[in-house]
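Undergrad: Sequence:
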Amino acid sequence: MAFSGEDRERAPATSVVVCAYTTARWHTIRAALASAAGQTPAPLEVLLVVDHNPELARRARAELPGIRILDNEGPRGLSGARNTGIDHSVGDVIAFLDDDAAALPGWLAHLLAPYADPDVVAVGGAARPQWPTGSGRPAWLPATGVLDWVAGCTYTGLPTALAEVRNVMGCTMSFRRTVFDAIGGFSTRVGRVGTLPLGCEETELCIRAHRQLPRARILFEPRATVTHQVSVDRLTWSYLRRRSWSEGVSKAAVSRLAGTGPALAVERRYVARVLPAAVGHELVQAARGRPANASKAIIAIATALLATAGGYLRESARRRSSSVPSAAEPAVTAPATAVTELDIRHGPEALPVPANPGIVYRDAQVLVRDGRWALDLLRLPVTGTRVNSEDLRLAAPPTRPEPGSWTPKVSVVVPTADRADKVRRCVKSLLATDYPDLEVLLVDNRPHAAAAAALVELASGDPRTRYLAEAEPGVSRARNTGLAEACGPLVAFVDDDIEVDRWWLANLVAELADETVDCATSLVLPTSLDTPAQRKFEQLKGFGRGVRRQVFGPDLSGGGSQNPFTPGQFGPGGCALWRRSTLAGLGGFDPLLGPGTPTRAGEDLELFLRLARAGGSIVYTPHAVAWHEHSAEWAELRDHLHAYSIGLSAMFVRHLLHRPGDAGAIAAVVPSRVRRILLARSSPRDDGSAGPGARLLLEQLTGLAWGPAALARSAWRARCRWSRCP
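Per UniProt numbering: the sequence shown = residues 1 to 726.
If you are wondering where the hints come from, they were derived from the structure by calculation, not from laboratory data.
One thing to keep in mind: the hints can contain errors.
List of simulated lysine-lysine pairs, DSS-like, C-alpha gap at most 30 Å [what the hints assert, rightly or not]:
| id | residue 1 | residue 2 |
| --- | --- | --- |
| 1 | K409 | K422 |
| 2 | K409 | K428 |
| 3 | K541 | K428 |
| 4 | K422 | K541 |
| 5 | K296 | K541 |
The following label-pair restraints were derived from C-beta to C-beta distances [what the hints assert, rightly or not]:
| id | residue 1 | residue 2 | range |
| --- | --- | --- | --- |
| 6 | R721 | A632 | 31 to 41 Å |
| 7 | D119 | Q539 | 47 to 57 Å |
| 8 | E63 | G661 | 50 to 60 Å |
| 9 | Q539 | D391 | 24 to 34 Å |
| 10 | T516 | P159 | 53 to 63 Å |
| 11 | A632 | T160 | 50 to 60 Å |
These figures come from a predicted structure and were not determined experimentally.
The beta-carbon is built from N, C-alpha and C at its ideal position, and this holds for glycine as well.
Put together the whole structure using the sequences plus the hints.
TA: Next comes the structure, spelled out in structure tokens:
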């Protein structure tokens, strides 16, 4: 390959470096080298750096005359190979081209032109995807190009003309030699090694250049274009997840070296502006008759976002834990929060905190009541063994329904699966309610387990209780079984780890005395906030929605001020009363969702969403009080949050498959959910509930990302049961 020197006086002397690690790319390596050598103006030299592969080095020296062949003199990986090329090159500008990229005519000329400005220290170009022969862009990859970075190409959101940027893209970039002389080469602590899709070494270098060279300008020139070969393995969902996860890992490494501000500034703008625009484009495509592809593209966007965040958090947590002598999770040393009640009819004089050995209470969560009615929920200080309740300042009390004389029969369905001790307390509280006409349907979802005998005995202890068996796993199936056997016009569903208040059922029924109300939900409070994990559970996933009574009406279906796509606002589905006719019209709970299935949760939220979109009405009443036993240990909390997040995203995908027109509203919920998770982690930690925050965050984000796959597994299992597959 001979180089012409006629243009060298008008452009900086340039060395082009190509790094390679495998003979499997031999044809693309040759194409990359030829495309670099054929540029006008021609480069001063083209170098091939072989990354610790003797076979590839021998073949290159034998078959590539005129190319300088170098062995990587640094550690294995792309950063070490590039640094070797820098050390042996002689050009004033050093350009880098990937071994699976081919430079188009004019590539080098466009890269070099901006160097007429002495403040320009780096110029990068654009990369177009070259899809495999016989294949095109996969249907799930958004046509806007918003995720083309997954394939190593320019993505939507980058400038469309010459402009300053934070960093250049590794497959097509150039630097002045003086940059490396001043600040050093690529960091070997980040970057790709072999097939592991890590990266960001050029990002770290550019951030370092901005910091150490105050006048430095780094430019993006989209006319300096290369085609980047996309291999078949990069067209799969698994590669999307792995590449996105690795991108997050790389960003965490860069953040550690350069700080989170510079390392993530561009990414924050991308998430806030570019991704919503891409979702809007997919909505237009759905409206034009391509809902399936639009749904796949939106799921791909969410998967990439969440997997990247998951990789970032996992690597951040790993690096923090490696710098701490002990990785043990915190013991119960922080002052705890007591949980108690205060009835103003009895006065505030005596309000002791629970007597739990070894636990010191600094404050108390106090439910203030006026008999059967809730007034307020307060945090009050604790002195010694008593709550300081003398100077109560209550907010305006929530509105109350008319008590009335309507007391129809109510069937309370309690699904359970091998948890006899928990469900015993639940059933006992239900039978103790101040309501004259109820039946309790105890649905055993593991009727062949050892606990079945105890459940049969429990049901036989009171004539108002019946035992039902549902062998097919899943809380949705168990609830539907209970619904089919219910005798009352009103049906309540209560989780087996909940205990209800004396007036709970009477106050729910009072809400449904209004014939326009389809469902009423409850104020569910923690039974204990003794451990840090319980306090964190209440912060992140507490079931209470405050003491303001809320009515969600038919305007939910028409896009009013209340958003039906945040169904958690309606209250807990595991402690709710429904009109039986409404449930029949909706078709009951979706058997693909909920505990006992791969989706693990989401069945109650999905039913709320269906009701809202059908124009139904829901009342959240703080007067129907119940108590939930929160996860006491960190491991339990992580598992619970992970399960909830899987169910949440699975629920939205399930709804999207039935109503693709709702894709835009659902896609908007995913980023907002991520923001809430991140804000919860960064909120002030003055309650002793800090704990392993990054791990909790990771469980939630990975759960959201895994939801669609879990839904697919749930559907497959259902089909197998239907066809009697082994």
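Undergrad: Next, verify each hint and record whether it holds.
TA: Verification of the hints:
1. K409 - K422: With a Cα-Cα distance of about 25 Å, the restraint between K409 and K422 holds, given a limit of 30 Å.
2. K409 - K428: Since the Cα atoms of K409 and K428 sit roughly 18 Å apart, the hinted pair holds (cutoff 30 Å).
3. K541 - K428: Within the cut-off at roughly 26 Å; holds.
4. K422 - K541: holds, 20 Å
5. K296 - K541: holds, 29 Å
6. R721 - A632: 31 to 41 Å: Between R721 and A632, where Cβ atoms are some 35 Å apart, the hint holds.
7. D119 - Q539: 47 to 57 Å: Because 49 Å falls inside the window, the suggested range holds.
8. E63 - G661: 50 to 60 Å: The hinted range 50 to 60 Å holds for E63 and G661, with Cβ atoms some 57 Å apart.
9. Q539 - D391: 24 to 34 Å: Holds: the Cβ-Cβ distance is about 26 Å, inside 24 to 34 Å.
10. T516 - P159: 53 to 63 Å: Between T516 and P159, where Cβ atoms are some 54 Å apart, the hint holds.
11. A632 - T160: 50 to 60 Å: This hint holds: roughly 55 Å between Cβ atoms.
Checked against the numbered hints given earlier, this structure breaks none of them.
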